[in-house]
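Visitor: Working from the sequences, and respecting the hints, build out all of it.
Chains W and P, in that order, are what the protein sequence lines are. Each residue of the first sequence is one higher than the one before, starting from 1 at the first, in full-length UniProt numbering. Each residue of the second sequence is one higher than the one before, starting from 1 at the first, in full-length UniProt numbering.
Derived by calculation from the structure, the hints in this document are not laboratory data.
Only some residues are given here: those of chain W computed to face chain P with a beta carbon under 8 angstroms:
#	residue
1	162
2	268
3	269
Since we're looking at a predicted model, the values are computed, not measured. For each residue, glycine too, the CB sits at the ideal point set by N, CA and C.
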Amino acid sequence: MSAPVTERRADRARRSRAIWLGWLFAAPAVIMYATFVLRPLLLTVQYSLYDWNGIGASTWVGLDNYRRLLTDEDLSASILHAFELIIFFSGVPVILGLFVAATIRDIAQSRLAVVARTVLFLPQVIPLVAAGIMWSWLLSTTGTANELLSAVGLGDLTRAWLGDFGTALPAVGVIGAWVLVGLCTLLLLAGMSKIDPSLYEAARLDGAGPVREFLSITLPSLRQEIGVCVTVTVIAALASFDIVYIATQGGPGNATMVPGLEIYYLAFSEREVGMASALAVALIVLVLACVLPIQRLTRDGSR
Amino acid sequence: MAHGTTSRPLLTAITLATLLATVACSAPGSDASSADPNSSAAPATTATCGTAPITLKAYFETGFPLPKSLTEEFTKQHPNVTWDIREDQFAVITQNAPRVLADDPPDLMRLPQVSELVKDGLLKNLDGYAQTLGWTGWPASQLQQMRVGPDGRRGDGPLYAMGLNFSMTGVFYNKKLATQIGMTQPPATLAEFDTLLEKAKNAGVTPINQFNGGATGGLAFPLQNLMAAYGDAGAINNWIFQRSGATIDTPPNLQATQHLEKWIKSGFFAPDINSQDYATMMSRFIEGKNLFIFDGDWESGNLDKQMAGNVGFFLMPPAQAGGKQAAMSAPLTYGIGSKAKNADCAVFFLNWVATDQKARDIAVTVGGSHPMGPADAYMPAVKEGSVTAATLAAGAVIGQDNGAMDFIANATGAIYAKSWTPQLQKLAAGQQTPEALLAAVQKDYESQVKN
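Guide: Take a look at the structure:
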């Protein structure tokens, strides 16, 4: 009677020791994560409930900062701009990436494929700041973009692309698309290499052309990779900062103001740490609200 | 398995709760030590560096050689003083100023707009020094912008900073292009200025390049000049210093803004000003691509070097012939942290900059601007016909007309980035009317001043 009991007790002791040992091993990571991720996150939530300039005394204002977020046109406009950027940061790279990846796969054996892959991925290696500076030269009044337009007789279209109210935001979007196309292409290519070649063979025997093949085999098989691409690029669009900061700094007249930049200005120029924190919290919620459905959509039905 | 699934959420919850408890137990920034107004209220009075070796910790703006030249000369004359200098761009200094002054106060620091720093008790009150060193006998306008009242309003109250020199703004022009369009002398009235702009445009010369792109609203330069041509410089200063009841939305200011709009619509500015940054404006002007820029004498030395003999300067002409002239003029502000260790020596340095003959030479030849100090103090000789000579002479005119103004961009900490810059960019793009521009700026101003 007593033998199994002691055995069970010993067993439980062993198991709890194992658990504590596990926590011990995890401790360095947990402590780092708690100190540098969770604590700042919670502090941000706390700051968002105060009116505080970062140095002096703070005043409790409850949800006032969030209320202002909904009523202040400048702040809500910046969020709309971020959504507009999704077209350029996600839509263009994913669609273009699919097209390019399919093309490269077709010529996979040739040297051209290697060159194309490298060239397309290069923007990922270049620091975003350098990319931003380079593009602001290309898009300036005397830049290559306008010279090309003039050369083909479209001189009337030339303008300061980043300084024009109508074109500044799309121009910033183009820079983002240029950066992200390579990443999407590479991810999608990796996904394509996992597709069983016999599927294509079978389709071809059934008389499918390249378009049918793409729609019926390639696209469905890439569901997860497309999910990753969309997730990463949507986050890049909503949390964009560096490209905008370098290319336009939010100008002209707030036409390219995005939440990331607004948070930075609020916190460090206007010294409204509370308001900046509230916008940051709202941005986190927004990103999660966009990304979680995408994750669910692409995970379900993949099996 | 069961054990794991029940305890993991529990542990997570405990961890989060503990963290929340540790971070949320006190309101942010409520420790009284940094905000104690008395820490800076008792001014010391003996400004000296003594004879023992001493190292001054300084925080300067990068890209401008003046402060470093001055510190080198100072060490030559006072070998017991050495320097530990940190440099950053002005935008970085603006963002860092409160934190640096609170955590790691330098003995001497280039300052952005001072009122909020004073409200937080971060700057040393220099009134005691000013009394004993005789700064109070200098022209009052030199120090006015650095005086801050208890509520953060500038213009009077204790002195919280000091200038290395003070700048003068106006219109620089390319002499060769000026001759080309038949401009023989600077315009005497606003109407004459308009005619010159028209002539330049008709001759195929870009009349004005002005930085107004990205986070810059350089149209504030011509706008404020026009405001002072149509109205009174004192009223503009009252608005900048946050005097009660002051408004920017006045009839003369509306006329000025309409005038600026007329310039924009007539094509007197380069078409791409909304994508021009400061460096682009300067390089185009130096390359001779346009006739005028609105800028300040901190460029005098640079322009005398790069466009020797080919660059002139005039103050914005008045609306009527013989009217009073005004210009934006501001000290190159340096301050001392309220908890700085070597404040006495830093003040001694600032006084030396204004009074030592060698230092005044450096202020003009390296800095290009007028030195601080008594009205009758020694003035270094400058080359005749140089733009430095022209800007220094303009300073005398402004002194006579009592026309020195601070910048409208300095009225509050956020007014430039939040209001002037986007509004002026909209005006340049034809997306804003002068009436709505002034109303919008005034509305932002009021909400910022209330805070």
